[in-house]
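J.: One letter stands for each residue in the lines below.
4 protein chains.
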Amino acid sequence: MSFRKIINDPVYGFITIDDELISHVIAHPYFQRLRRINQMAMANLVYPGAVHSRLHHALGAYHLMGIAINELKNKGVEINPAEEQAAKIAILLHDIGHGPFSHALEQVLVDVMHHEDLSLMIIKELNKQFNGRLSLALDIFTDRYHKKFLYQLISGQLDVDRMDYLNRDSFFTGVNEGVIGYDRILKMLTVHHGELMVEEKSIYSIEKFLVARRLMYWQVYLHKTVLCAEQMLKRIIKRAKLIQAATRQPLHDFITQPSENTSLEAFCNLDDYDVMAAIKGWCFHEDKILSTLCNGIINRQLLKVQYFGNAVDENLIQEKLADASARLGLSTEEAHWLVFTGEAVSSTYNLDEEHIHILFKDGSVKDISEVDNALINQNLMGKVKKYYICYLK
Amino acid sequence: MSFRKIINDPVYGFITIDDELISHVIAHPYFQRLRRINQMAMANLVYPGAVHSRLHHALGAYHLMGIAINELKNKGVEINPAEEQAAKIAILLHDIGHGPFSHALEQVLVDVMHHEDLSLMIIKELNKQFNGRLSLALDIFTDRYHKKFLYQLISGQLDVDRMDYLNRDSFFTGVNEGVIGYDRILKMLTVHHGELMVEEKSIYSIEKFLVARRLMYWQVYLHKTVLCAEQMLKRIIKRAKLIQAATRQPLHDFITQPSENTSLEAFCNLDDYDVMAAIKGWCFHEDKILSTLCNGIINRQLLKVQYFGNAVDENLIQEKLADASARLGLSTEEAHWLVFTGEAVSSTYNLDEEHIHILFKDGSVKDISEVDNALINQNLMGKVKKYYICYLK
Amino acid sequence: MSFRKIINDPVYGFITIDDELISHVIAHPYFQRLRRINQMAMANLVYPGAVHSRLHHALGAYHLMGIAINELKNKGVEINPAEEQAAKIAILLHDIGHGPFSHALEQVLVDVMHHEDLSLMIIKELNKQFNGRLSLALDIFTDRYHKKFLYQLISGQLDVDRMDYLNRDSFFTGVNEGVIGYDRILKMLTVHHGELMVEEKSIYSIEKFLVARRLMYWQVYLHKTVLCAEQMLKRIIKRAKLIQAATRQPLHDFITQPSENTSLEAFCNLDDYDVMAAIKGWCFHEDKILSTLCNGIINRQLLKVQYFGNAVDENLIQEKLADASARLGLSTEEAHWLVFTGEAVSSTYNLDEEHIHILFKDGSVKDISEVDNALINQNLMGKVKKYYICYLK
Amino acid sequence: MSFRKIINDPVYGFITIDDELISHVIAHPYFQRLRRINQMAMANLVYPGAVHSRLHHALGAYHLMGIAINELKNKGVEINPAEEQAAKIAILLHDIGHGPFSHALEQVLVDVMHHEDLSLMIIKELNKQFNGRLSLALDIFTDRYHKKFLYQLISGQLDVDRMDYLNRDSFFTGVNEGVIGYDRILKMLTVHHGELMVEEKSIYSIEKFLVARRLMYWQVYLHKTVLCAEQMLKRIIKRAKLIQAATRQPLHDFITQPSENTSLEAFCNLDDYDVMAAIKGWCFHEDKILSTLCNGIINRQLLKVQYFGNAVDENLIQEKLADASARLGLSTEEAHWLVFTGEAVSSTYNLDEEHIHILFKDGSVKDISEVDNALINQNLMGKVKKYYICYLK
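Same order as they appear, the protein sequences are chains D, E, V and F. For the first sequence, the positions run 22 to 414 when my numbering is used. For the second sequence, the positions run 22 to 414 when my numbering is used. For the third sequence, the positions run 22 to 414 when my numbering is used. For the fourth sequence, the positions run 22 to 414 when my numbering is used.
Only chain D is shown next, with the shape it has when bound in the complex:
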């Protein structure tokens, strides 16, 4: 009897691991670390169910990859066992480079690199540890493998990463409107001239997928309270770095040294627990800015946040700065740590970068934005920008 492990998943029922190499990758401490990284950073302050881990998301994306490959094989697309294994490993590891609180602290803790670059470095390191058995996964992950559609399943408009996170995030937040017909989309995937496409019949499901994503952005990912908490989190780390606030390893080095002096190994030991434990300690820090921000996160006493359609009124900003200065005895410059503005941007479908190709029964190919009566039009293709201000309550 072959190797076989089953994991319960409330989203998909069961996830089956039936390959030993894959099970070893999952068992590796670098992968297990993802258990301690929240997929949705601070979203649980608004949606209490949103506490699922990045490990759970990686397993979910792996599960969808298996379904996608199966469907493609059933349609006659050639994918051999080595390619299947490699694609599954590549998706398992696609987010391995995420640090504590994922996107929220990206380029803050480690300011020189995006998580994709870190993922690549870590996969290379794992490939060494696994004696080169991840080389094909690495080729697919870096889009250097000739079957481009395998890369597109990992990173593209219809990749299984997005499908899983939309599914999973809408499931755990309880925002049912974010539900997507992922199973239908997976059944409609096809490969044409080496590129991943979807069959004509899936048009409405794809449009629905894009609208669900739009909704999830504004209702969840960019929810004003979530955005505010994540901005506070960023500022906590920045302030801690600035004042060289004391903390413990493995976080200590990342706070006190330039990112380039830190090691990959140290990074692979960092997770949400280090950051939250530090924040808990800093609640009692003498630096009022740091302790105010930290107390805000720990006790859910967040800054007040407002969204506007246009740039925030300068008078409002000044007024709030003055208020903060007065109440906490800060200089105006210091008050900017607690009173700040910014922009939240989302695009539903960005024609410059994104392409979802529909393969019609007659063999023609069209972009989803070009089909008859398309939902996606000029209005939805531009970026939507909102302006926000955060300040002391």
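Rather than coming from a laboratory, the hints here were simulated on the basis of the structure. Hints are supplied without guarantee of correctness; some may be wrong.
Because identical chains share one entry, a pair is satisfied inside a single copy or across any pair of copies.
Unchecked claim - Cross-link-like lysine-lysine pairs, in silico, DSS-like; alpha carbons within 30 Å at most:
| hint | residue 1 | residue 2 |
| --- | --- | --- |
| 1 | Lys245 | Lys382 |
| 2 | Lys145 | Lys407 |
| 3 | Lys382 | Lys26 |
| 4 | Lys145 | Lys94 |
| 5 | Lys259 | Lys149 |
| 6 | Lys404 | Lys387 |
| 7 | Lys414 | Lys309 |
| 8 | Lys325 | Lys407 |
| 9 | Lys26 | Lys96 |
| 10 | Lys259 | Lys168 |
| 11 | Lys94 | Lys26 |
| 12 | Lys387 | Lys325 |
| 13 | Lys26 | Lys168 |
| 14 | Lys168 | Lys149 |
Starting from the known structure of chain D, fit chains E, V and F onto it as the hints suggest.
T.: Structure of chains E, V and F alone, referenced to chain D:
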């Protein structure tokens, strides 16, 4: 202890009936008849789960009405017990005038009236039988009551009728993308200057609701196979009327006499079973047109159907007519019964007729199509039209 | 590209048909007839969602068969493509012999045969029409094939028939407590010495399955109102036969002739619509017994029913008989048509007939009732019997 | 317009907070701390979705309390607004005394008290801070209020605490068989002579509830890997105390001082993050026992665990102790930290302590174990005990 009955509903869990008058309305044979009328006519030929009854839909809409009224009362909108009872009765009876196979045979079996007119006649009749106790329900149903929002809950852009049928139809078909955040929308309902509106926070849910509706139209209600089967059903009744095909009561009168000679009582005795039993009999009818159509429905050997973006090519029509004539020995005129074209039309949001008003926190009111970065724009507001042809396989 | 059709199912998401012979079996009018046979007979009078068809159940069981076979193959059990196809066809057709209202009218309309015998006759007939291509399916169905576990998947304690109907019936009724961990059980199936078993880890899921079945029996299948309606239905047909009540074909022959004179072809044309249309007509029949029963079903004005732990008190029966006689002017003998008693019996796990074998890791095999701390014990293994009386309200 | 806040919950849809005092209790840092305490301790090592917080559970139980009270009021049970508010506050705070990793570390970190005692102390402290406005909640919580059923809703066989955790834990683990018909049970609650009971019709739902609980115990709460990880966690803290392992505040005091020297305020600052951050640090501790246990938890390299029906064989224990001693250079006594045995115990229904009373229509009351054909019998009422051993892999 007060009156109380609980009905299991897979969509909402439990539906509670806690009013004796309402329970008597539900127990009336006219309402019970809705048990024998399929909510989605022929859709089960494509979606086998879509066999739920119109009675089930009416109970579901009643349940949502209860939630809506509760939410409004919690927000300080004045609704007294008599109004609540009346609104619930009005929604229970809103579709009481539907005949066999609902919309599919509307104005075919009874060619002089829409189902809304028949609903009105039946509610008036019931009001007599209930000694005038449905008078307030009747006023609300006919929009003659001064609290206009009660009418809008029954018939409007955000009425509980639509919410329930979208919920229920997506549930029973298994088309999950049709899911709407009805509970969020209900929580966001409000009344402003006597009109039903939604709060600002619900914008994305409303947009999602409109897109889900658009999807349900093209993926389900106007699915080409469903449309074809319903067109065949219409033609069966028309052909039976033309050739005065024999059948039994209560259908007999509707086939053999002008609609104006039939009685409301006879209508209230008609249901899907009468029509299907007749169709089963007509499978063996000597009229080839009638028997071909009937066999098609009974044995799911439907006509072939194709959709086009433009009017169907005349040559194609002629070719198919010739083919049908030759194969069944029909005149060209007769062949039109089995080879026909038409248009399927749907609109996502029709600005001329439809208005969803958003109440902003600052007290201003905007149409959903006018909010910043609206999903609903010119492109989606027009009607989408597709052209189809049905012909012998 | 191979043959491939996808059917939406609210219970399992999608059901895939990827074999042409199977698609032809599904398209056959005998199978399509199951569309017009309600899986749960009269249960919708209590649970309005319970209107799913026997065709839907057959497709669901087919889907589970595919999963079960896949799991077994993954565990190294040898099942070749021909066997897989045959097992799938056998489960698709396992209930093909059900007549109108399934169990409720079994041995009433056709009094000489069980539905299993009729299924066998029809499968044989189909095998002829398909030129012997269903022979292997027939061997499996009749337990004459040497791989016994294939038969056990169709008919046994853990067959996919039961798994689907428990899933489906609990889904459509909304009785969530009936939910079973079918996916876990399927993943735990194994074959040992040619017999179907389950792995040790599934013990709790199996116990849960048995308790869910027990619950579904008493809460749904033998719910007193459902039982009463189904008893009324039986009596309608019996009374119609006795008084030779007029109706139309194809029902006519079954009402007016001994079952042995009817043809299989006629049977394959019978469905719920014929019976319900007849009942609708008999509402106006001059025979008071028949019309009372028919009105009861159509207008949901059912007899009153009571359950007792012991045999019904003879005085109560006499009192109700006298009441019925007086009110409808019937002889006491006639009154028995409307006042009757009976027993409802269910067993959770019947050791005489049933065996669920658990395969332990050490290779030993035990019956589910023999494992440590078994839920299933003497108390649950006997049959539970309740006594009921139905009478005029 | 009254106070009103809505929280999304994937389990129940929406949870409404419509009382200002309650919203202040929720906003209090002591309550917000529950956000950082995992409801299911180490279960996520087996069930990756099981990362929901104790705050989420408290909100869920609060939601069910609202439904329960509403149902009882609809049935004529007198509950005034103050009592309703108090009962809701009592359930919100019922678990406020849980420390890091809840039950897993109960009486390990703070060895002198059960979480119920700590809850009581904290509620008293909060009552002070809220100027006595929680006094009625306190009375209900301590069962000193004359309406005993309010206490029974918080702590009893059918309390909303259990109902929520069974719902929530089965939801987040994905163990669907654990689902209970909580909505039906809530609808069947009633009060008779001041005691909480359920109506006769709920018998099957209650039995199902007990079986689901039994299943959740063995499949989830006492899953051997979960049990092993939680035993390791306990030993980590015990070992850290023994060797006075260095860590930071607020954990430091609890490791280095007797519990009686710690303050309630310090306790209210402790959460999972402190413990996990300490464990992460101790992975590099020079004490081999401590670092082995800590690495096991962090990298999911757990001890091997086995369950037996009888006491673990002494030879096996000695063999494993010898192995551990040899491999890590430990004395036999020290090896006991990594090789240990124990008992896992669960009871489905314990007649000595538990009573679920069924109120029959005739006014009589029976225990669930005494009804006809009861599922709960001698066999299920005893405690089930399993014996386990954990040792180095």
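J.: Each hint needs a verdict: does it hold in this structure or not?
T.: Structure-based check of each hint:
In this assembly of identical chains, Lys245 and Lys382 lie within 30 Å of each other by CA distance solely across copies; the values are 16 Å between and 44 Å within a copy. Taking the shortest Cα distances, Lys145 and Lys407 never come within 30 Å of each other, neither inside one copy (39 Å) nor across copies (45 Å). In the homo-oligomer, the alpha carbons of Lys382 and Lys26 lie at most 30 Å apart only across protomers (15 Å), although the nearest pairing inside one protomer, at 40 Å, exceeds that limit. For the identical chains of this complex, Lys145 and Lys94 are intra-copy neighbours only, at 29 Å inside a copy versus 36 Å across copies, given an alpha-carbon limit of 30 Å.
Taking identical chains as interchangeable, the C-alpha atoms of Lys259 and Lys149 are never at most 30 Å apart, the minima being 34 Å within one chain and 38 Å between chains. In the homo-oligomer, the alpha carbons of Lys404 and Lys387 lie at most 30 Å apart both inside one protomer (22 Å) and across protomers (22 Å), since each shortest distance falls under that limit. For the homomeric pair Lys414 and Lys309, the shortest alpha-carbon distance inside one copy (16 Å) is at most 30 Å, but the shortest distance between copies (50 Å) is not. Proximity of Lys325 and Lys407 under a CA criterion of 30 Å is satisfied intra-copy only: 16 Å inside one chain copy versus 50 Å between copies.
Proximity of Lys26 to Lys96 under the C-alpha cut-off of 30 Å is found in both arrangements, the shortest distances being 27 Å within a copy and 12 Å between copies. Taking CA atoms no more than 30 Å apart as the test, Lys259 paired with Lys168 passes in neither setting, with 42 Å inside one copy and 55 Å between copies. Taking the shortest Cα distances, Lys94 and Lys26 sit within 30 Å of each other both inside one copy (23 Å) and across copies (15 Å). For a Cα distance limit of 30 Å, the shortest separation of Lys387 from Lys325 across copies, 26 Å, qualifies, whereas the shortest one inside one copy, 45 Å, does not.
Taking the shortest Cα distances, Lys26 and Lys168 sit within 30 Å of each other both inside one copy (29 Å) and across copies (27 Å). Taking the shortest alpha-carbon separations for Lys168 and Lys149, only the intra-copy value of 24 Å comes in at or below 30 Å, while the best inter-copy value is 48 Å.
Violated hints, listed in ascending order, are 2, 5, 10; each of the other numbered hints is respected by the structure.
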